[in-house]
Amino acid sequence: MTQTASRPGTGALKPLPLDVEAIRADFPILSRTVRDGKKLVYLDSGATSQKPRSVLDAEREFYERYNAAPHRGAHALAEEATGHYEAARATIGAFIGAPEREIVFTRNSTESINLVAYALSNAATAKDPAFREYAVGQGDEIVVSEMEHHANLVPWQQLCERTGATLRWLGLTDDGRLDLSDLATVVNERTKLVAITQQSNILGTINPLGEIIARAREVGALVLVDGAQSVPHQPVDVTELGADFLVFSGHKMLGPTGIGVLWGRYEVLDKLPPFMTGGSMIEVVRMEGSTFAAPPQRFEAGVPMTAQAIGLAAAVEYLQALGMDRVEEHEKLLTGYALEKLAEIPGVTVIGPQDTVARGGAISFTVEGIHPHDVGQVLDDHGIAVRVGHHCAWPVVRRYGVPATTRATFYVHTGYDDIDALADGIRAAQKFFGTV
Amino acid sequence: MQLESMYQEIILDHYKNPHGRGLREPFEAEVHHVNPTCGDEVTLRVHLGSDAAGEPILSDVSYEGMGCSISQASISAMYDLVLGKSVHEALAAGDDFMTLMQAKGDPAVAEKLEDSLEDAVAFAGVSKYPARIKCALMSWMALKDASARALSTTTAQATHPTAPAGGTP
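In order, the protein sequences belong to chains A and B. For the first sequence, the working numbering assigns the number 25 to the initial residue and increments by one for each residue that follows. For the second sequence, the working numbering assigns the number 561 to the initial residue and increments by one for each residue that follows.
Calculated from the structure, these hints are not laboratory results. All residues carry an ideal CB built from backbone N, CA and C; glycine is no exception. One or more hints might be untrue.
Partial chain A-side listing against chain B, Cβ under 7 Å, derived [to be verified]: (1) Ala148; (2) Ala150; (3) Asn212; (4) Glu213; (5) Glu242; (6) His397.
Rough simulated footprint, nothing fancy, chain A against chain B, three-plus residues with beta-carbon under 8 Å [as the list claims (entries may be wrong)]: (7) 605-614; (8) 654-664.
BS3-like mimics (lysine-lysine), calculated; alpha carbons at most 30 Å apart, straight line [as the list claims (entries may be wrong)]: (9) B:Lys672 to B:Lys704; (10) A:Lys63 to B:Lys664; (11) B:Lys664 to B:Lys694; (12) A:Lys62 to A:Lys455; (13) A:Lys63 to B:Lys694; (14) B:Lys672 to B:Lys688; (15) A:Lys62 to A:Lys38; (16) A:Lys455 to B:Lys664; (17) B:Lys576 to B:Lys704; (18) A:Lys63 to B:Lys688; (19) A:Lys365 to B:Lys664; (20) B:Lys576 to B:Lys664; (21) A:Lys455 to B:Lys688; (22) B:Lys672 to B:Lys645; (23) A:Lys295 to A:Lys38; (24) A:Lys62 to B:Lys694; (25) A:Lys62 to B:Lys645; (26) B:Lys672 to A:Lys62; (27) A:Lys455 to B:Lys704; (28) B:Lys704 to B:Lys688; (29) A:Lys455 to A:Lys151; (30) A:Lys62 to A:Lys365; (31) B:Lys645 to A:Lys455.
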């Protein structure tokens, strides 16, 4: 609560629930400068988040004290490594209300989604009939939405190509929401799986998953929720969610790169054949063929990302200490402030919901007469890091008739001052390109 | 502010008032190139003629595109540079432009290439920003591609005089 609670001319600002100055001190990278000594204003957490010291320390401690391959060998280090790796699974599971046996470690959300997509096509050719229940084939349908990140779109397009299934999708409304008017026809008896994002990485929209999941349940379809942009920013509990799968990435929630999570309901995971095969995912191996371990090990072939899993557990503990309710409230206040500040600048258009109702902190915008890359370049010159381009959601920018956008995203270390810097930077871009 | 080193006045002029823009006929090849990471796009056509010695020349290069100032200005500057040149000379200029983009802002490289690249040498500052190099290169890649296709089309026509003339969309 060290933020200035009011500033002249703009009326009272609600104090932020998180102590931004104290949090910034936990992130070594935030003290560096960029581009000839400019203070770094990091507004690209939606692409990847920065890491607090406790996460870096956890990884370092693993390598310095108990580095070994978990689930192999019986020496002291192997035991300790296994213990810490499995403790990380329990910590991360508890964070989303799941038992540890339902947590599969992957490389990131993208790999988690591919794991499910390949398991569904592998099911069609599985030798063991126990693995065929969720097989996808000709006549089946997979449903996504038009606002999906490429990671939750391309794997399903590919699954359909491999199996002869058909891809269908829910469209978008002009104000950046899902168009659910044809939900009952798009999700139908032929639907095998609905894959949908909880929070759009480009529009910021938070989707009404309850309604979609209820419809999927009516027709007996599986539901996969892309939580890459929601799990880092709002409380998510899988028992309340009611889906079958939830995927998220460690690096977007203060954790290391190279670690992601697939949560799956155990009854479903148990009936899925493996995606990747090899060491440590097996039960018995003979030259003639092999049988597989129970989940989650069935889906974790090879020596796992041990240090990264332990780092992610440290990130989860950091977020838990802040409180996900407060993280969510913090970002809501920042989002409201940013929408207000951007609305004050002539020529700036926000693509996506214009208020904070069912909206997260990803704010995509265009500046009249200046291409997003050029906006981003001027911001960069001021030390402000934002994302430019189509944000791996090309159909979305196409839907809204823009070539690309500039996107600012917030996190626990973001304060009102960062948003003021953004607004000043946009004005500087307008001045530089002579559009005002 | 380092911005001016990249956004030279000449680049901004090409961006605001592009030369040769618009798709024209006739043409022997049309290509569409994109920058998958950012969504910059160009559709580019080439129309070949031949000089007195029978060397293929670029009689017209026409285009439509959208994208950032660097990507769009680069097409316009390239148009000025290659129009009426032989395909061989144009591709050599493309190689020079590639060298410029790999120069990491080294002024000595830019100085050496000034004669061959004309206005396009103003893009030297872009080579200091690795993320923007592909924006500047997109038009040159499209030209190289379209020229190769046009040459193979016209060669095919020369060998098979009955082959239909005109575009290959």
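Taking the hints in turn, this is what the structure says about them:
1. Ala148: violated (31 Å)
2. Ala150: Since chain B brings no Cβ nearer than about 35 Å to Ala150 of chain A, farther than 7 Å, the hint is violated.
3. Asn212: violated (33 Å)
4. Glu213: Hint on Glu213 of chain A: violated, closest Cβ of chain B at ~37 Å, above 7 Å.
5. Glu242: For Glu242 of chain A, the interface hint is violated, since the closest Cβ of chain B sits about 38 Å away, which is over 7 Å.
6. His397: Cβ of His397 of chain A sits 4 Å from chain B, so the hint holds.
7. 605-614: Violated - the stretch 605-614 of chain B has 0 residues with a Cβ nearer than 8 Å to chain A, which falls short of three.
8. 654-664: violated (count 0)
9. B:Lys672 to B:Lys704: The given pair, whose Cα atoms are some 23 Å apart, holds under the 30 Å limit.
10. A:Lys63 to B:Lys664: Holds - the C-alpha atoms of Lys664 of chain B and Lys63 of chain A are around 24 Å apart, at most 30 Å.
11. B:Lys664 to B:Lys694: holds (13 Å)
12. A:Lys62 to A:Lys455: Cα-Cα ~19 Å, so holds.
13. A:Lys63 to B:Lys694: holds (28 Å)
14. B:Lys672 to B:Lys688: holds (17 Å)
15. A:Lys62 to A:Lys38: holds (28 Å)
16. A:Lys455 to B:Lys664: holds (27 Å)
17. B:Lys576 to B:Lys704: holds (25 Å)
18. A:Lys63 to B:Lys688: At roughly 21 Å apart (the allowed maximum being 30 Å), Lys688 of chain B and Lys63 of chain A satisfy the hint.
19. A:Lys365 to B:Lys664: violated (37 Å)
20. B:Lys576 to B:Lys664: holds (26 Å)
21. A:Lys455 to B:Lys688: Between Lys455 of chain A and Lys688 of chain B the Cα gap is close to 23 Å, so the pair holds against 30 Å.
22. B:Lys672 to B:Lys645: With Cα atoms ~20 Å apart, Lys672 of chain B and Lys645 of chain B stay inside 30 Å; holds.
23. A:Lys295 to A:Lys38: Answer violated: Lys295 of chain A to Lys38 of chain A is near 50 Å, above 30 Å.
24. A:Lys62 to B:Lys694: holds (26 Å)
25. A:Lys62 to B:Lys645: At roughly 45 Å apart (the allowed maximum being 30 Å), Lys645 of chain B and Lys62 of chain A break the hint.
26. B:Lys672 to A:Lys62: Roughly 33 Å separates the two Cα atoms, so the pair is violated.
27. A:Lys455 to B:Lys704: Violated, at about 36 Å.
28. B:Lys704 to B:Lys688: holds (24 Å)
29. A:Lys455 to A:Lys151: With a Cα-Cα distance of about 66 Å, the restraint between Lys455 of chain A and Lys151 of chain A is violated, given a limit of 30 Å.
30. A:Lys62 to A:Lys365: Holds - the C-alpha atoms of Lys365 of chain A and Lys62 of chain A are around 22 Å apart, at most 30 Å.
31. B:Lys645 to A:Lys455: Answer violated: Lys645 of chain B to Lys455 of chain A is near 38 Å, above 30 Å.
In summary, the structure is inconsistent with hints 1, 2, 3, 4, 5, 7, 8, 19, 23, 25, 26, 27, 29 and 31 from the numbered list given earlier, while agreeing with the others.
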